[in-house]
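Residue numbers (the numbering used here), protein chains in the order written: chain A, 869 to 1157; chain B, 126 to 444; chain C, 2 to 329.
I should point out that these hints are in silico values taken from the structure, not numbers from a laboratory.
Since the model is a prediction, treat every value here as computed from it, not as a measurement.
Cβ coordinates follow ideal geometry from the N, Cα and C atoms, glycine included.
Listed next, the stretches of chain C that the computed footprint assigns to chain B, with coverage defined by at least 3 CB atoms under 8 Å from CB atoms of chain B: (1) 158-165; (2) 188-200; (3) 218-225; (4) 245-258.
Which chain C residues stay away from chain A? Per the calculated CB distances, all over 10 Å, these: (5) 149; (6) 302; (7) 320.
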Amino acid sequence: MTKLMLSKILENEIVAALLNNRKGCVGLIIVIFFIFMAVTADIISPYNPWEIVGPPYSPPSSSHPLGLNDIGQDILSELIHGSRVSLIVGFSVAFFGTLIGVTVGLISGYYGGIIDDVITRGIDILLALPSLPLIILLAAYLGPSLFNIIFVLSIMGWGGIARIVRAQTLSLRERAFVESCKAIGMSNFQIIFKVILPNIFPIILAETVLRVTGAILSEAGLSFLGLGDPTKKSWGMMLYYANSRFAIFLGRWEWVFAPGFSIALLGTAFCLIGSALDEIANPKIRRER
Amino acid sequence: MKMMILEVKGLKTYYDSRRGCVKAVDDVSFNLKRGEVLGIVGESGCGKTTLGLSILRLIRPPGKILKGDVIYDGKINIMKISKEELRKVRWKEISMIFQGAMNALNPVHKIIDQVVEAIVLHEGIEKSEAVERAAKMLQLTGIPLDRMKSYPFELSGGMKQRVVIAMALACNPKIVIADEPTTALDVVVQKGIIDLLTNLKRKLNLSLLFITHDPSILSVVSDRIMVIYAGKIVEIGETRKIIEKPLHPYTQGLFKSILLPLEQSKELISIPGDPPDLVNPPSGCRFHPRCPYRMELCEVEEPLPRSQRDGIVACHLYG
Amino acid sequence: MKLSEVLVVVKNLKKYFPLKRGFFSRTYVRAVDDISFEIKRGEIFCLAGESGCGKTTTGRLLLRLIKPTSGKIFFEGEDLMKLKGNDLKNFRRKAQIIFQDPFESLNPREKVIDAITKPLEIHKIIKDKNDKIEYAHNLLRSVDLTPTEYFLEKYPHQLSGGQRQRVAIARAISLKPKFIVADEPVSMLDLSIRAGILRLLIDLKEKLKLTYLFITHDLGVAWHIADRIAIMYLGEIVELGSVKEVLSTPLHPYTQLLISSVPNPRNPFTTNIDIEHFAQIEIPSAVNPPSGCKFHNRCPKKVMKCTMERPILKEQAPNHFVSCHMYS
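Let's have the full structure, built from the sequences with the hints guiding it.
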């Protein structure tokens, strides 16, 4: 059963192209590594990250490679569990943002006219709003929870992809094979979701993946400012505490470096995959005669 | 002065593609006489554009000119000279009208500036002199004085093509390679461009290589016609003779496929089969799968070009 | 019910495309500027003219792919613009289109079998997979794409231009339509392939009792395939009649110009000197067309009246109509 699924996945042309692309591969390996870390966090983590296992601010030792934080929790365990939040937020925000953005973009691009005008102006306004202050405001107002963070980042983040989808839809709409669908009697709904959408799917995929990075960084930023979810271990929260508890002053570089590096690495990995997908998407759009 | 202004011998240009090696131009030899218009006709993918580009050594990877000599004016072998010397030949002795060039004009420059640029790039003369020459050239190609400061988007297709022609003639070359100069144009505009090229050829003493997929155009514009199929020459001959009595079966089929108005017979004749695959061309004579006269020999042995009737035919029927 | 001889009736059809220029001024491209004609059942009616004359727009209007600015189109007696819901869907079954670019008209991600059976699926004619395969085989056979098994699973980019066009034709006839708009179906194909496609279209017309609106800029193609022809210039019909009459005895100066511009290998040395000079003048724009007769600034026979009054299409010889002041 899983063998069949695996072979189907590997046979998919996009996956095959991705595996052929060097930076795509590197990115994929890193992401899989972190996913593995997140999924098996409870098992591979040396300690329960919430448990106090020693004196606060203990420096690294053989049993605690990264030392202990300001309360006495094991930093390595925190780090391993933190991957969950980053990945969940990253994927969720990208997913919901894409969902909204693609729908809006498709409708705006396909129907044109006044619907398009109104929606485009709306997107322009959304993109012109200063996102960081607004995100901070909303997060502060709604309260610190993972759900709220995902909600806020999704709401603020769908504008860019809507624009891209709209542009692609506008150009596809004029092409003869879309016109022929109209001629044979397909409804607008069918044309939008069964003809146009599959044709722009590679670009959407590339954009979505690139947005994961942004989401991860945004979450980290919010948590660093203290607006994160205190009930979850996240890299941003680790940085928050490291910063507010003067980790560097105390010479505890690894407390800062570990989560910081993880954020950067995971973000970069998604960037690599997204960039590889972008390359794959483009030659596909370019016709092969 | 030699009668042959251009001699092409054994030219081979191949492309590396994902499916394999595309033999776009496969051992092509022909001559261009001084002051003549040689029409090169063939269908899409037969290699005629590649041939035009190869003559000026404009082939970029994944394409490669493997071998061949292109001798200009009996003296210079374009394939063997240095880059420096090549620059002196390109545009100044031999220039080119590229396929679709009229849509590739720089949209943010006035047309006269673009002709000036062509002159200044190839001849290091003063800009004022270049402007004068450019204006003269544009006038020659039929662009009125009051349109010379226009931008390409303000011009119609026919006028844009005239600009392209002016650019090709800017440095007074002796040979012009015109690749599908009338393809995207309406029939009335097309006639205007054909007339223009014929007039210019006479006025400026040019020799023209006229590449097209439409044989009926060549009937009114060229002195001799060269027919290309799957990267190989199948026939060369005087226009009138080829139209009256084409020798090669492909040429016969091609000319019979032309649909003209006011014809007596409304018969619709086409050549059966599909265009050949240049990666794996048919064995022996490349046309044999579609040839109504094919013999056993044709599947096995490639026919060599042979002199026939003041021209050349590559067909076992005449071997 | 008596089957009318006339399938399509077009009355005073206009299509103006707005150009967003000034805030207050509105300029339009007059793509189709008041044309009227009829298409008889079973005939091949040709719309011919150069680019920008409005023939492609007319084809789209007749299939209700775009909506007219004014005027009426009747299909089998019914007003096209008044069709809704199921009636509209029924119309789509009866009227189909074949495009110029054989690559563009096929979805690059669809296999041949899916492309040609999609109309049948949309209209719920196919019930299951076996139905689909059987229909697909039959359709490919009717367009001479054999062996059919070979072509079923192919993608458009794996086929030649002529083969793609045959697939597009198969898709168009899948719903057994009555009327097909063929928009320059052979213009982008190699010369040696064209005749084959035209022969196929004629064969299918006989077999399936079709009526065609055949759009082309190539008078040679029109001569060989059409029954009647309408010559269009800047959105208007300037001449209309049987193909034989219009092309062998053209009455309108523009038709004469068109015919004399066609390079003729069989007779390469005839030129009409009268026309030469006027062929040089550029085609005016469709945004600000000349007053009166739109052809007057290029016409060798122009008189004062031509700059002021627009001529009307009038019958000059039996079933041969011209729109020119010379004949009124």
